[in-house]
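**Student:** So you can see what is in the structure, the chains are spelled out below.
Number of protein chains: 2
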Amino acid sequence: MPNAINFAEKFSHIPECWQPRVIAEMNDYQFKLARLDGEFIWHQHASTDEAFIVISGSLRIDLPEGPVLLGPGELYVVPRGVEHRPCALGEVQLLLIEPRGVLNTGEQGGERSAPNDVWV
Amino acid sequence: MPNAINFAEKFSHIPECWQPRVIAEMNDYQFKLARLDGEFIWHQHASTDEAFIVISGSLRIDLPEGPVLLGPGELYVVPRGVEHRPCALGEVQLLLIEPRGVLNTGEQGGERSAPNDVWV
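Going line by line, the protein sequences match chains A and B.
Convert by adding 354 to the 1-based position in the first sequence; the result is the number in my numbering.
Convert by adding 354 to the 1-based position in the second sequence; the result is the number in my numbering.
Among the clues, some could well be false.
Stretch-level coverage of chain B by chain A, calculated; a stretch enters the list once three of its residues show a Cβ under 8 Å from a Cβ in chain A [as the list claims (entries may be wrong)]: (1) 356-362; (2) 381-389; (3) 402-410; (4) 427-440.
By construction, these hints were calculated from the structure, which means they are not laboratory data.
Where a beta carbon is used, it is the ideal one built from N, C-alpha and C, also for glycine.
This is chain A alone, in the form it adopts within the complex:
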C-alpha cells in the first residue's frame, strides 16, 4: 500500500541542524527537510531557484534588497543567482525544494557544506 510522507515523523529522525535530508523526489527535483538554528552563511545557487517552506518556527532570509520573514505555512522562492543568508530565529523546521544535486552552501562551499543526497 502506498504511504504518505509525514513531515513530523521524518523530523523525528533528524536530530542535527543544517543537515538537509531527502524525503522524496519529483522528476529531477528533491524535497528535503532540514532543522535550522541560528545563522547560516551568505551563498547563492548560480543555476537554480530554491524554494523554502517553513513547517515550524520563524525564519529570516537575508537578501540583497532586505530580509524576508517566514513563519509556518509560508513560502519563498529565492531566484537563481541571488545571494541569500537563512537565519533561524530559534529552531526552525524547513521544507526545501530544489533540483537534485544542489549543495546547501551553493557556489560558496566551505565548512558549512553538508553531504548531499542523504535520505531519511
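Chain A is fixed; fit chain B onto it per the hints.
**Tutor:** Only chain B this time, still in chain A's reference frame:
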C-alpha cells in the same frame, strides 16, 4: 521589500473548488493552491510526476495499488503515468507542485479541466 507567500492568505482569495491557482514559480515549476471537495476523475500525467502536500483537511488519492491517505503536513508524489483520483473527504486545502503547463485533468481532459496558469 521581499514578502513571503502565506498559504492561508492566498486561500482567502480562492473560493472555488477544483480551480488550481498559481502562487509562485521555481525554474519551470509552479506552486499551485487548490481547494477540493469530493471526488475528482481518474487521470494521469504522461510526462511528469506530481507532488501533493495537504495544508488542511483529509485527502485520499486512489491509485491502482490502493488508496493513499494524506492529512495536514503530509506529502505524496504521484509518479508520471500512474492513474490517480483525488478524493477530498470534506474540504481540503492542497498545495500542488508540478511543471508549468500541467493540466489538472492530465491526459483525460473533459469538463473537469480547469484553466491553466491562473495566478492568485
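**Student:** It remains to establish, for every hint, whether it holds in the given structure.
**Tutor:** Consistency of the hints with the structure:
Interface restraint, the region 356-362 of chain B with chain A: holds (7 residues with C-beta to C-beta distance below 8 Å; minimum three). Only residues whose beta carbon comes within less than 8 Å of a beta carbon in chain A count, and the region 381-389 of chain B has 3; three or more means the coverage holds. With 5 residues carrying a beta carbon less than 8 Å from a beta carbon of chain A, the region 402-410 of chain B meets the three-residue requirement, and the given coverage holds. As drawn, the region 427-440 of chain B meets chain A at 6 residues by the rule of a beta-carbon pair under 8 Å; at three or more, the given contact holds.
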